[in-house]
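Since the structure of chain B is provided, determine the placement of chain R on it from the hints.
Quick note, the sequences are listed as chains B and R, same order.
Sequential numbering from 1 applies to the first sequence in my numbering.
Sequential numbering from 1 applies to the second sequence in my numbering.
It is possible that part of the hints are untrue.
Since the list can't tell identical chains apart, any single copy or any two copies may satisfy a pair.
Here are the simulated EDC-like pairs of lysine to aspartate or glutamate, each with C-alpha atoms no more than 16 Å apart in a straight line [said to hold, decoys possible]:
1. Lys-200 <-> Glu-117
2. Lys-132 <-> Glu-105
3. Lys-132 <-> Glu-36
4. Lys-155 <-> Glu-117
5. Lys-112 <-> Glu-143
6. Lys-132 <-> Asp-120
7. Lys-112 <-> Glu-136
8. Lys-155 <-> Glu-30
9. Lys-210 <-> Glu-5
10. Lys-155 <-> Asp-26
11. Lys-112 <-> Asp-145
12. Lys-76 <-> Glu-27
13. Lys-212 <-> Glu-5
14. Lys-132 <-> Glu-143
15. Lys-155 <-> Asp-68
Rather than coming from a laboratory, the hints here were simulated on the basis of the structure.
Protein chains: 2
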Amino acid sequence: MEDKEISQAVISRLPRYFRYLGELRDEGVERISSQELSELMHVTASQIRQDFNNFGGFGQQGYGYNVDYLYHEIAKILGLNQTHSFIIVGAGNLGRALGNYLNFERRGFLFKGIFDENPDLVGTSVRGVCVKPMEELEQFIHENDIEIAVLTIPKTGAIAVADRLVNNGIRAIWNFAHVDLSLPEGIQVENVHLSDSLMKLSYNITKFSKEKNQG
Amino acid sequence: MEDKEISQAVISRLPRYFRYLGELRDEGVERISSQELSELMHVTASQIRQDFNNFGGFGQQGYGYNVDYLYHEIAKILGLNQTHSFIIVGAGNLGRALGNYLNFERRGFLFKGIFDENPDLVGTSVRGVCVKPMEELEQFIHENDIEIAVLTIPKTGAIAVADRLVNNGIRAIWNFAHVDLSLPEGIQVENVHLSDSLMKLSYNITKFSKEKNQG
Numbered sequence: 001m002e003d004k005e006i007s008q009a010v011i012s013r014l015p016r017y018f019r020y021l022g023e024l025r026d027e028g029v030e031r032i033s034s035q036e037l038s039e040l041m042h043v044t045a046s047q048i049r050q051d052f053n054n055f056g057g058f059g060q061q062g063y064g065y066n067v068d069y070l071y072h073e074i075a076k077i078l079g080l081n082q083t084h085s086f087i088i089v090g091a092g093n094l095g096r097a098l099g100n101y102l103n104f105e106r107r108g109f110l111f112k113g114i115f116d117e118n119p120d121l122v123g124t125s126v127r128g129v130c131v132k133p134m135e136e137l138e139q140f141i142h143e144n145d146i147e148i149a150v151l152t153i154p155k156t157g158a159i160a161v162a163d164r165l166v167n168n169g170i171r172a173i174w175n176f177a178h179v180d181l182s183l184p185e186g187i188q189v190e191n192v193h194l195s196d197s198l199m200k201l202s203y204n205i206t207k208f209s210k211e212k213n214q215g
Numbered sequence: 001m002e003d004k005e006i007s008q009a010v011i012s013r014l015p016r017y018f019r020y021l022g023e024l025r026d027e028g029v030e031r032i033s034s035q036e037l038s039e040l041m042h043v044t045a046s047q048i049r050q051d052f053n054n055f056g057g058f059g060q061q062g063y064g065y066n067v068d069y070l071y072h073e074i075a076k077i078l079g080l081n082q083t084h085s086f087i088i089v090g091a092g093n094l095g096r097a098l099g100n101y102l103n104f105e106r107r108g109f110l111f112k113g114i115f116d117e118n119p120d121l122v123g124t125s126v127r128g129v130c131v132k133p134m135e136e137l138e139q140f141i142h143e144n145d146i147e148i149a150v151l152t153i154p155k156t157g158a159i160a161v162a163d164r165l166v167n168n169g170i171r172a173i174w175n176f177a178h179v180d181l182s183l184p185e186g187i188q189v190e191n192v193h194l195s196d197s198l199m200k201l202s203y204n205i206t207k208f209s210k211e212k213n214q215g
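Excised from the complex, chain B in its bound form:
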């Protein structure tokens, strides 16, 4: 496959294709046309073909795509044919919820450790993994070859902790702290700002009520 630059917009759509193809596969569907996939996913067939052409088109011929092939190709592109070890920094409610989420394991994301600075939380367990003190962070990352850190701490400490993680070899941060991280090139960051998402919802409710009241 050519390694041309693919836009983050296309990348953002890949997990959704992967999800639909997984469901089709579970239902025993063997082939699907871009038109059928388009109707199922409520996107245009042309969008689908354009997206797939970024990866060589996945050989649609005769009657559509081979579902199983397409599913595995997209999995490979997403790096899901490998395992990725992760730790969680912040053993509060959200950190514990993410640690308990088994679906990540199914996709090859392995929950290896969880850390917190609160001594009351240290020693408690999340899905069999014992919460460790922050002092053990560096050594743990090195000894366990950790690739991804999930950051679920308040924004005040987040930037300093992110720097510590990166200095010790973490390659990607899944950031739930409500602050933007500015990290060296090559370090991947994916932000999940939950409040931002809720505010967007609030905007759309407010706007819709106004429009309704105006007739």
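For chain R alone, kept in the frame of chain B given last:
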């Protein structure tokens, strides 16, 4: 203010402006130019001016914007000058974590109820709110004038529950279930597909390693 159609891309950026302005305000900054805001937020000044022009421009004159005024105007646009009552459907780890998150309250989102079909969870408490059985859902929505439902249940039941919510007057769904909801016009949906976000991270790690190996 004119009620022209504003793109969801612009809307998506508003919470981030709101966050930065809130921080500037907390630091006692009174005025800021689009250039300074641009450097702080790592977006172009032209982008900022274009975004703000959708809402009449917020009267930048002389030396930049009035931080406090801008903060409150954006809050109003986002509907944060009103309160919104919400319930959580699904009292598993994620549902409980969201119920415990106090910051939502600060923004006017009031946590009123939480529901689960699991009898072992019914009767337990999340931040003083008692988990109720699903049978009480309809009545509770009506009696408490609930606007928003947070959906934190597995995807298998999500579509049926979303329909129940909408039929009983819920106007917006914050959807964490790993499925796309197709709901009547006028019902707002904001999806947080956590696995999708993690897969995007995985893609970027994988791609970066390949590029590095290729030199």
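Give me the numbers of the hints this structure contradicts, sorted from smallest to largest.
-> Going through the list in order, the structure violates hints 1, 2, 3, 8, 12, 15 and respects the others.
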